[in-house]
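A.B. asks: Chain residues, written in single-letter form:
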Amino acid sequence: MLCLKNITKRFADGQRSLTVLDHLSLQVEEGEYIAITGESGAGKTTLLNILGTLLTADEGEYVWSVKDNGQPLALSPQPSAPNMVDRICQLRNQEIGFVYQDHRLLPQFTVWQNILLPTLATKSASTEEEQRRALELMEFVGITPLKDSPVTHLSGGEQTRVAICRALINQPSLLLADEPTGQLDAANAQMIATLFQQVNAQLHTTIIMATHSAEMAKVAQKTYTLKEGKLK
Amino acid sequence: MSTKQSRKHYRRFYRLVTAAVILMMAVLTGSLLLGDSVRGTLVHRVSERLGKTETVITSGTGFMNETLVQHPLMKNARGYLLMDGFVSVGEKLLPVYVWGTDADTLQEGEVMVNEPLLTQLGNQEDLVLHLPSHHLVPSGSLFVTKSYATQMRLHVVGVKSVEEGGNLLLKNEQTLPLNVFVNRQHLAEKMELEGKINMVLSDDFIEEEQLAACWTPEQSGIHLTDSTLTCDGVFIPLNIVEKLGNRNEELSTLYLSYFVNDLIHNADTIPYSFVTAVNEWQGEPLEGQDIILSDYAARRLHVQEGDSVSMSYFITRQLKNLDTRAQMLRVKKIVPLASFRQDSLLMADFPGLTRVENCTDWDSDLPIDMNRVQKEDEDFWHTYRQTPKAVVSYEAVKKDWSNAFGSATAMRFTSRPEVSWMPHDADVQLYHPRAQGLKGAAGGVDFAGLFLSLGFFIILSSVLLMKNPLVEMFTQRQGEIQLYQQLGFKDKDIRKGLFKEAFTVMLFASPWGALAGFAYSTLTLWLLGNVWSGATHTEGFVLHVQPLTLIIGVLIGLLICALTLWWVIRSQLSTVNSQFPTVNSQLSTLTCHLSIVSSILLLLTISLIVVNFIYLHNMVLFIVCGLLWILTWGLFLRREVERRSSTMPDVVNRKQLIRQSVRASLKQHLLAYWTLSLGVFTVFAVGLNRPDFTQALQATGGYQFYVDSRVPIQYDLNNPSVRHKLSLQSLPDSTTFLGFLRHTQDEASCLNLNQVSTPTVLGVDLKEMEAFGLIPDSQLSTANCQLYLDEEALTWSLMKSVGDTLFYQSERGDSVPVVIAGTYPTGIFHGNAIMSSEVFRRLWPKEGGQEVLLMKSSRPEEAAEILSMAMNEYGLNVQTVEERIKMFFEVTETYLIIFLTLGGLGLLLGIFSLMIIVRKNLTAQRSTIRQYRATGFPEPLIRHLLLHENLLVPFYAICVGAIGSIISISANPGGAGLTTLLLALVVLVVIFLLLYYGVKYMVNQTINNQKDL
Ligand SMILES: Nc1ncnc2c1ncn2[C@@H]1O[C@H](COP(=O)(O)OP(=O)(O)O)[C@@H](O)[C@H]1O
Ligand SMILES: [Mg+2]
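So the sequence lines, in the order shown, correspond to chains A and B.
Going by this note's numbering, the letters in the first sequence line up with residues 7 to 238, in that order.
Going by this note's numbering, the letters in the second sequence line up with residues 516 to 1528, in that order.
Just so you know, the hints here were simulated from the structure itself, not pulled from any lab data.
Any given hint could be a false lead.
With a Cα cut of at most 16 Å, we get these calculated EDC-like pairs of lysine to aspartate or glutamate [said to hold, decoys possible]:
(1) A:Lys228 <-> A:Glu35
(2) B:Lys705 <-> B:Glu623
(3) A:Lys153 <-> B:Asp940
(4) A:Lys129 <-> B:Glu995
(5) B:Lys1011 <-> B:Glu995
(6) B:Lys758 <-> B:Asp940
This one's a predicted model, so the numbers in the text were calculated from it and none came from an experiment.
Could you put the whole structure together from the sequences, leaning on the hints where they help?
C.D. replies: Take a look at the structure:
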């Protein structure tokens, strides 16, 4: 489904440059549930951001093989096709769902609006189909009563669940989750872990999750450890 | 806390604060300096126009002998013959003051002009000067020559500079006079006024008593011998007659000569004779219907003692509307003609009638029928001239023959009367113009206050401009503030520290602000003399700096700075722990109410507008409507934004996103709404709201023309015979005139920046004034003197109110209290006091000629053409009433343009400070942008959303404000001139564009700056 080859990412930190990812390679097949562990600062977020097209790699290849027409989409090194920016936006919107470490819910909107936000990227209003799906997702993660609440009133676990709903609203084929349980207590973390399993099993969504908790990593099919810029 | 380093680190904000402080200080001190400068210029102008003159001595309509200035007391005095004249340049008639002066070595036919007149003349080197004819005998009396005006062709030989007294003017006005200087001797010869002056200007301060000491009746042409009194002006002033008449013991006879049309007995008639009225003849009193005939007359009439003779003569009340009156007299006695000739007092020297060779040469205002003059009459004339053919009883004709100028032509005494003569007995009056001028200049239009209010929006906007970066900076420094709090600093000390840091910046900016104030006032002064001269009607304003004003300006500015800063710091410290504004979860009952209230308000506003537009046309109501309009739409905005999410459908759309974002920072957006809509409303509503021009035009009594005559018109132009005489017979029959007497004092219209104490007075029958909106107070007794003034002049030029008393100097030299009995709507008479002609004649009986005429006609253009052609030597300035009203409204118009310009600038500044808020908002929305991006929103969509979010309310506010101002000016939709409307439109478009591109730029900036995801 996607393939990373010799990905290198450096950050310029003042004078010296910091190599976060060093010739990293990864092959992901459809329907996989992958956990990436590593210490804080190892580069997990950086890797997920590259996968989620929010960052581009300095070196290496990133190819996304699209389901239907089968034409693989090279995302890195970025081809200078004229409609590339649009295609990346579309990919981000349609194929990738992202659950951030800090949720990134927009405080000015309600839970409902936050969840349906991704549907507005291509058209000016949500469809009934999407609304139905949003309701199902909320039901699925168990936040139906919070529908019209402002997100600032929610607890951390609830916020994570809203973020998951938002990530799944456009039925992406890939769900990226960056330490989704990082700030949660054990009970909540357990619940989220189960949820991810269900998503993977029932919706057949490919999941790549970064976590530094071994417990979370256990539920995944594959576990990689990110260390010194390489996956082990 | 190292304030210096903080200032350096946050210099981005402090630069803006500095700019705002400089701007505010500039407008503040600049306006104050402007006030000083205009006042200073007016004061300076007083000394420019007066030169060294401290005392002015005038002789009213009469004259004085030039020998008056030879008195030792008058060693620094100059005698002048001053007349109102006019010069025609091309089509234009320029009213000029003609100064007959001894000071310059001017030859006959030479003239000097002052600089303003030179500018008007262009390169014209010769000019024709038109003058009213002045005679020793006042033009208002019956026996004067036909010609009321004369002209002189003169060659301009030089320019009299300001320093040489070229701008000599005795009226309290800032406008520069047009002066013409000619040789006094030559002017006097032309007017047959040899050796006469009518004005003395002295550099010394002369008191009334001092003048009395050097003045003698002889100086005023009153010839007093041991037994007789005669006058150069033929008529002996009334007060002198009274003064001497009260002393019966010395007075034996009063003489009053008259020109009589006919003496008739049966079939015999003697036309056109002089007859003199006396109260006794050679010791024999004349009473009742007594007439003493000369033997010559008795022979021609074939009468004997005891017979009846009819005497007919012209009489006139006002404006030489002649009536013929006849009296039946009884011949008391017949005496030899020679005995009449022995008494020279029986013969008066009327100009035009007496100094001619033949009767047919008579040059008189009276309709003399020359066909009736027979050879006999000519023969008599050749031998005896104006020797009376009869004498009649003084009492019998006193009433008919007296006029405003006197009731006697000579007096005879038994012994020299011992009376103490006072100069004002002969209309000689004295005043000191400097004190009056300075008072007027000091009390004149307050430009400091005016420009502070006109520039109010700039000051307000610069305060916002100062506040916003401060708020943004302190918001950014909340972490720092929290740190200080954690470290145990007291809030008070933190506040003090921050205050000190920021206030130092303001303090350093203030001298620059004061400097910018100089620039501001210099620029404004220049504009007032040029582009905006419609408000001042003059140029040459000079910067006058008073250090105290400057200090006050800077101090006020610093106070405003300190208050703003203190307010920002306080509110910032109190919100230091508050959260990002969140969505309100409570269903607000307020929102429900808002819907109802705003709907009702909208209905009310619209119906009010409709009712007002169709029926009432009340300007104040329109302004109220405009304000209601803004309020209504403000409530609607609030309701729309606050609409609860539960009432929203499940569908989520982009509009909702925008609305929710606006709602998230509702406070700021509402603030932006109120400031922008009210700002736009105020600037445009005031800037475009003309005072009601049409209303002023309606109060013109149907008259179409306002005619100002340089030469008093002594006739009633409604009289057909007068029209014939003045070649006005071709005027359409429908043409009617309304004439006004005028006592010229100070210009009290808005064209004069000085404070005025006695405005020019127009005299008219008050009944006629009702058509002009002047409703005379019938309750008031006419025994007291009253006048009416237009509302604007009363409040702005005089700064008085109804019921106050003004003091006018009457012809007799008394200071007469005149009560302001009421007002009339400002219109064509703006700046003139209106008085009943009855009262007017009581105060100034000799000013009997009309100087202002209103004319209406069914063929107005034609009538105006004929009038100015036929009476061209009168120097008529014929204006349509529209033109005249426009002239006054131009002043207001200019002020409004200034307001619009400065207000527009203020608005632009306000928008600039709004941008700072937008920038702050956008910074706070970084996470939103990031999220939009991560969700796959294309870049243009993000821009679109952010732009809409930030432009929606400002655009809405501007539209509401603009429509509100249109509503408020709909009382007088056509009132605003095209230029003003264009200016307003340009300002509006600039505001829109600036806002659009400014916000767009900042959105792009924010998006581009935020590369990370
Ligand atoms: N935008 C950036 N600029 C500079 N350094 C960065 C940036 N993003 C991450 N880093 C650095 O890269 C390293 C890896 O960060 P990250 O991927 O967030 O680690 P993890 O998510 O595993 O904790 C860290 O040392 C961090 O300081
Ligand atoms: Mg991380």
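A.B. asks: Run every hint past the structure and note whether it holds.
C.D. replies: Right, here's what the structure says about each hint:
1. A:Lys228 <-> A:Glu35: 11 Å, holds
2. B:Lys705 <-> B:Glu623: Answer holds: Lys705 (chain B) to Glu623 (chain B) is near 11 Å, not above 16 Å.
3. A:Lys153 <-> B:Asp940: Cα-Cα ~103 Å, so violated.
4. A:Lys129 <-> B:Glu995: 43 Å, violated
5. B:Lys1011 <-> B:Glu995: With Cα atoms ~15 Å apart, Lys1011 (chain B) and Glu995 (chain B) stay inside 16 Å; holds.
6. B:Lys758 <-> B:Asp940: This hinted pair holds, its Cα atoms lying about 9 Å apart.
The structure does not agree with the numbered hints 3, 4 stated previously, though it agrees with the rest.
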